[in-house]
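Protein chains in written order, with this note's numbering: chain V, 1 to 236; chain H, 1001 to 1263; chain R, 2001 to 2291.
Hints are not guaranteed to be accurate.
Output of the computed footprint for chain H on chain V, the stretches with three or more beta carbons under 8 Å from beta carbons of chain H [to be verified]:
1) 36 to 49
2) 61 to 68
With a straight-line Cα cutoff of 16 Å, these simulated EDC-like cross-link-like pairs (lysine to aspartate or glutamate) come out [claimed, not checked]:
3) K1210/H with E1007/H
4) K1166/H with E2108/R
5) K1042/H with E2108/R
6) K112/V with E2117/R
7) K2243/R with D184/V
8) K1199/H with E1241/H
9) K2073/R with E2108/R
To be clear, the hints were calculated from the coordinates, so they are not data collected in a lab. All values reported here derive from a predicted model rather than from experimental measurement. Yeah, the Cβ is synthetic: ideal placement off N, Cα and C, and Gly gets one too.
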Amino acid sequence: MSKKVVVPGELISSERKKLGGNVYVANGKIYSKVLGVSDTEGDSASVVPLEGKYSPKVDDVILGVVTRVVFAGYGINLNAATESFISTKAMRDQLRVGDVIMAKVESVDELKEADLMFPRRLIGGDVMEIVPVRSPRLIGKNGSMLELLRQGTGCELVVGKNGRIWARNGNIELLRKMVAFIEDNAYKSNLTNAVQDYFGIKLPEKNMPMRNAQENEVMQEESEVIDYSNEGESHE
Amino acid sequence: MRSTVLEYDISKVVELARNGKRVDGRALDEMRDFSVVKNKFKNAEGSAIVKLGDTEVMGGIKVLVDKPYPDSPDEGAISVGAELLPLAHGDYEFGPPSMDEIEVARVVDRGLRESKAIDFAQLCVKEGEAVRVAFFDFYAINSDGNLFDAGSIAALASFMDAKLPKLDEKFKVIKHEYDGKIQLKRLPLLTTFVKVGGKIMVDPTYIEEKAAEARFSVATTDDGYMSAMQKGMGGSFTLEEVNYMIETGFKVAGEVRKKLQKM
Amino acid sequence: MSKEMKEEVPDYKKSKKRLDGRKMEELRPLSIKVGVIPNADGSAYLEWGQNKVYAAVYGPREALPKHTQNPYKAVIKAVYRMAGFSVPDRKRPGPNRRDHEISKVLSEALDKVVFTEQFPNTEISVIVEVADSNAGSRVACLSAAACALADAGIPMKDLVSAVGVGKAFNEIVLDLNKDEEDAPDAVDVPFAIMPNSEEIVLLQMDGLLTPKEWEAVSKLGLAGCKQVYEVQKKALTERFQIKELTKADVAKEVSNGVEEKKESKKEVKEVKEEKKDDKKGKEDKSKKVRK
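Chain V extracted, bound-state conformation (with noise of 0.2 Å):
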């Protein structure tokens, strides 16, 4: 069956397969949770949700926003369910509200609540927010939006898996359109494609590493990337 768009509770398949994300079982048939859009290609059967918060998982590469300063440390917001907590001791510089910083999921708990390491403070620049749940779709198949966004727009590019993306210099207007193109179609076909021919770049083949490189610059204590104090613009 090709892609569907689903609501909670509809009907992906009354065959045995394979459960992916965002279904359940009852009765032996296999139901959406969610309003999203249905994948039943294969042996397996998922959803790949429209609409909803961030969902942390270890080892995530997030932005966060400081919502609160208390004497033990700041409480961050996600655009999870629950905010997350970093302890004073854990940041270099003192955090303000409003502050945005770049940090990794060490854990989850049972409650769902992310506890973060490699805390940085991003400074300067612009944030710009999509629908958490659509957040792949900027990364793309390894790295391959992301890498599209770089070149195309020539802006300094950090991607949460959370929804948000830091941008610095290059062309932020037309990443901001960028954005919300990819935002508004995430769920239909052929969108990296199709940003890939807007661009007229040509990416490598498909073996290409996840030029991921700002999670090689969370890793590290030191790096110049990660410096960005001395250079540019401090929020105020």
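Here the structure of chain V is known, so what remains is to put chains H and R in place on it, guided by the hints.
Okay, now just chains H and R, sitting in the frame of chain V:
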């Protein structure tokens, strides 16, 4: 889904303001685009759904009959209520009226009442026995700031076309029958400003309100009067700033009124 | 409450037609628009006959006050309110007992359907506000709330589809309007199901029925809910058209934004579209059901 990042980035709003700029690119004295849908709610005697940028409010009038106040036996009355429904923002809660709710209701009320726009004598049914009371209630559906002006536009639009229910000999409302409209003597509108980063800007969005040091609303009428003022929040204004806001209020409200009359 | 009755009480069995011209098993016009409140995680606006309701969902989010948290699942908090001008006799501000009762049955109906175990310690806040009413506001609110939950991406076993069914003027009828609710023999049964399994999640009744009549009422209720389900499904899915994209689509989108000086192209598009809609009148983009 709303951009949560911007909600917290108050310093960005302040920095832009210091340079005379705003997040959405508007000029400091520019109001957002607005739209009004009138009389959609059939149980109301007059109603309006107002969208001011992303801020959306709905307001409606119910005209009741009651005994007049002893000191004004030949005058009807109006009453304005407001609710910041939790529909409209994740920070709003149900419960007893909050300070913000009460203030917004009273300021919209003041703009309307003190302008003497509504002829209370027209609302008299029988002197000493029965007068009409027009209850205007408005509700926030989505809040992106400036519920004052959105509420004021909803009030004016609702009253501009408000029908009077027909009454029987015992002064009870006869359902589904109407007898005339409420006459407005003038058309008051609120214009609200905030001071951000030392600069005055009109029609603040939610984050501009959060970033503001002070707020000011003035009600102006089509025939050149000011009918209400309210300074809100902490902070302060110079007299020059207040005069600028009053002058700009006349201009901006005039443009809103012109557009409203065409809708 | 004064009844606007003609001298002669109608008899639907004889006339075979209802006061407003509908067939016995026919719904009033129903239309739903999803995603109408930008701040909310999910939202819907629903018109059903004269009824007009807004529904918004915020969540899952931290449950506050803390003592309402449940470490095993999300807590569904539905709140039902009516605007002062939504009823013929102005409703005074503040919830009354009816508001609290309806809030409770709505919360319970939705709790059954949401996969609450996926979000421990959180709350899912569902707010429904009635802007205009004419019988059946609670089933309108429940149907709108289900759409808002789906729009928020919240996992559910099914939607919830609700309808009012019962008896008026000597006949079993679907979707009673106010005149029918005021009939001397009126029976009003708000009825809500999970449409795929037909499990009943809300059921109330006011009036006198024989068990035989109940059989006919329940059957009609099920059929009515299924009609509502079709409208809900359409409202949720019609915004998404699966197609294959080309670079022309990208170019169109990018050049659209160039003329606008505002930051978000979407924001302006919505305001402009609203203006267009307002000029056209009360035309809704969503489906209307007329059987």
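Hints and how they fare:
1. Counting residues of the region 36 to 49 of chain V whose beta-carbon sits less than 8 Å from any beta-carbon of chain H gives 0, not enough to reach three: the coverage restraint is violated.
2. Beta-carbon proximity to chain H at under 8 Å applies to 3 residues in the region 61 to 68 of chain V; the threshold of 3 is reached and the given coverage holds.
3. In summary, the hint linking K1210/H to E1007/H is supported, as the alpha carbons are separated by about 8 Å, within the 16 Å threshold.
4. Restraint check for K1166/H and E2108/R: not satisfied, since their Cα atoms lie roughly 42 Å apart, outside the 16 Å limit.
5. The straight-line distance between the Cα atoms of K1042/H and E2108/R is roughly 31 Å, outside the 16 Å bound, and the hint therefore fails.
6. Taking the CA atoms of K112/V and E2117/R, the gap is about 11 Å. The hint holds against a cut of 16 Å.
7. Distance hint between K2243/R and D184/V is fulfilled; the C-alpha atoms sit about 12 Å from each other, no more than 16 Å.
8. With a C-alpha separation of about 9 Å, the suggested pairing of K1199/H with E1241/H holds against the 16 Å cut-off.
9. A C-alpha spacing of about 14 Å is found between K2073/R and E2108/R, which places the hinted pair at or below 16 Å, so the restraint holds.
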